[in-house]
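> The primary structure of each chain is shown beneath.
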Amino acid sequence: MMPKSKFRTKHFFGQALILLLAFIALTRCSTEKKQSKYLRSVGDIEADSKQDDPAFKICYGEAFLKQYFNYSQGLQYEGEMLKIKEQFEQAYVPVEVDESGWVRIRFVVNCRGESGRFRMICSNEYYESRDFDSRITDQLMSITKSLDGWKPLPDSENPEEYYQYLIFKIDNGDIIEILP
Amino acid sequence: MKYFCFTFMIIFCWKAKAQPNCKAYLYQGDTLKYEACLVAEKRAGYYQFTREYQEALDEALAIDSTFAYAYKVKSTAYLKSGDFITWKALIDKAVKYDHEGELFYRGWCRYQFFRDFEGAIADIELLDSLVDYDIGFGQNGDYHLEITRALCYKAIGQPEKAISIIEKKLSDSTYFASPYDYLHLGVLYLEKGAHDKAIAALKRQESENDLAENRYYIALAYREKDQLDLSRANLEMAKKLYLDRSRMFEPYTEHMDKIYLKEIEQEIAKSTKMAE
Numbered sequence: 001m002m003p004k005s006k007f008r009t010k011h012f013f014g015q016a017l018i019l020l021l022a023f024i025a026l027t028r029c030s031t032e033k034k035q036s037k038y039l040r041s042v043g044d045i046e047a048d049s050k051q052d053d054p055a056f057k058i059c060y061g062e063a064f065l066k067q068y069f070n071y072s073q074g075l076q077y078e079g080e081m082l083k084i085k086e087q088f089e090q091a092y093v094p095v096e097v098d099e100s101g102w103v104r105i106r107f108v109v110n111c112r113g114e115s116g117r118f119r120m121i122c123s124n125e126y127y128e129s130r131d132f133d134s135r136i137t138d139q140l141m142s143i144t145k146s147l148d149g150w151k152p153l154p155d156s157e158n159p160e161e162y163y164q165y166l167i168f169k170i171d172n173g174d175i176i177e178i179l180p
Numbered sequence: 001m002k003y004f005c006f007t008f009m010i011i012f013c014w015k016a017k018a019q020p021n022c023k024a025y026l027y028q029g030d031t032l033k034y035e036a037c038l039v040a041e042k043r044a045g046y047y048q049f050t051r052e053y054q055e056a057l058d059e060a061l062a063i064d065s066t067f068a069y070a071y072k073v074k075s076t077a078y079l080k081s082g083d084f085i086t087w088k089a090l091i092d093k094a095v096k097y098d099h100e101g102e103l104f105y106r107g108w109c110r111y112q113f114f115r116d117f118e119g120a121i122a123d124i125e126l127l128d129s130l131v132d133y134d135i136g137f138g139q140n141g142d143y144h145l146e147i148t149r150a151l152c153y154k155a156i157g158q159p160e161k162a163i164s165i166i167e168k169k170l171s172d173s174t175y176f177a178s179p180y181d182y183l184h185l186g187v188l189y190l191e192k193g194a195h196d197k198a199i200a201a202l203k204r205q206e207s208e209n210d211l212a213e214n215r216y217y218i219a220l221a222y223r224e225k226d227q228l229d230l231s232r233a234n235l236e237m238a239k240k241l242y243l244d245r246s247r248m249f250e251p252y253t254e255h256m257d258k259i260y261l262k263e264i265e266q267e268i269a270k271s272t273k274m275a276e
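Those sequence lines, one after another, are chains A and B.
Numbering-wise, my numbering puts 153 at position 153 of the first sequence, and it's gapless, one number per residue.
Numbering-wise, my numbering puts 106 at position 106 of the second sequence, and it's gapless, one number per residue.
Every clue listed holds true.
To spell it out: a stretch of chain A is covered by chain B in this simulated footprint if at least three of its residues, at any positions, have a beta carbon under 8 Å from a beta carbon of chain B; those stretches are:
#, segment
1, 41-51
2, 98-107
Computed list of lysine-lysine pairs in BS3-like fashion (alpha-carbon distance at most 27 Å, straight line):
#, chain 1, residue 1, chain 2, residue 2
3, B, K192, B, K161
4, A, K83, A, K151
5, B, K262, A, K151
6, B, K239, A, K85
Simulated from the structure, these hints should not be mistaken for laboratory data.
Positions of the beta carbon are idealized from the N, C-alpha and C atoms, including for glycine.
Okay, chain B solo, but in the shape it has when bound:
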């Protein structure tokens, strides 16, 4: 429930930020963007994939070809259909005309949809260098962009840097941990061989948001410490949580460090053999 509320809050805030108030452009003296914004509203009621939705945005961009928001919302259907070529061309224009406003989205999408780790790091770090406020969360609200940056460093072979970034973020008293932060930290410690630290982080994950994944990885850590009973019990719990759908989930893509039922069952079989 805690994480549901948290995610809802993040998404709500983002949505509030995402829908531009056309009159704001008018107050800023940008009448062209105001006109374009009004035309873009013709897409209301149409699904983002539809011809009508795309054409309304084209019409808006014909009025003001620097309307970053229109490029961004136009790009989303291409992103979700996997058309990385058209998506990138559109989102690049959004970023070109609104660096601070759209870099977060491009960086996040490069990570989430294309596992373009270097590209995501470049965008997130550029954004961080441009603003003096919190760079905020990725589009789905599951990750702060600092944690995203850490996962990208892990993926390109710099786990120590990833650990350092996550530790720093989690030690910030103003930061409220996201649904998977301690899980990823625990996995990083586990892969490094720091089993006690891994267990501590994964127990913290358990208390914050108990998932099949943290039970699975903690079981591996206990096995390394020859605590086979604890390992087995956590694997059994991992399977139960998995079947109850208490596991990492994202509707569009799959999270890093996600585990699958078959992997849990293989580890259970392994632990059964070890006990014989």
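Pulled out of the complex, with its shape left as it was, chain A reads as follows:
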């Protein structure tokens, strides 16, 4: 029969080993997550209190955010894309500069049809990152934020929240296309 003290020592080392392994496994998992260059999904926008409207909240949590096309229902905006184009035609003042390319503003539409977490990327005509004159980008951002006809994605039970984007094709400071 094993002496009691020897049994306790062995038991102690056994527990310590299990704890050590668990610690290594946990550390490894968190290290792997930290090292990944990806968020949960391509195009995800993390809430940022420094730049986002604090009043904007999503209803169901990040993991439930869809993409605008997930239900194949087309753009969910009161008055359709035509209305969006009309709003930009009325509000955007062309800027006379030799700057062309694309501007994308991506954002979230929540279950109440409110929009928030606006983020912008810009490129030249060769799809290379570039900055545009702020008189262009400030207008695009401001008009996009003012659009108030967004609707949640139609779902049989709950209104779904989603990521939406607008792309502006810019030709010498003027908008010549709005997508998608």
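Knowing the structure of chain A, use the given hints to seat chain B on it.
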């Protein structure tokens, strides 16, 4: 139904072509690509936007950095999220390593997602110069790349060239017209002022795939010919079809020559005034 079957057939064929059989690389003696292909299969079951999906492809590309297919499928989530910068960098690599296989996709996406008409024309024409077979359809199956090329020419101010390309394609006895071909041809004729030709093309569209759009545009053509009753009747039908969802539709973007309910209603109001 006819167009549903047609679209299904196109998508099915494309999908069959799209998923590589890893063993094919092995038979070709490309063991590196075979290994990369097997690793890329780890993404199975994950949505293309997810971290896991992207990481599996990164792993595959770490094994074989010339694996064009991996670049292409990696690019798709960026395309659909509107990130044109990352998408273009990835799809350029796919094209670099498989010109013939991926030019169609880059050309089509430049047209559909970014209205990059010159870029789409360049890709489609380059592909056509490289192969001696039919260059095929765009990704969603709605358009043959020749028709896409025609629409791009229209968009950059060359409608005559667009008409010529579409007429030639539609006169090819081996070609089965796609869901919107006659509609676009009709609109091109209408914009040129060739009202009789426009009506003929739009009637053909009506018989092949009756949509709110062809009714709307034919109504405009009839109005130009002072056939106001026919114009009004077609506008009413356009509204009915629109509300029944028989209209141009694409889940990601909006088609060229698409019309909206408000536009139909404005034309109905105009025709009511003209009748007073």
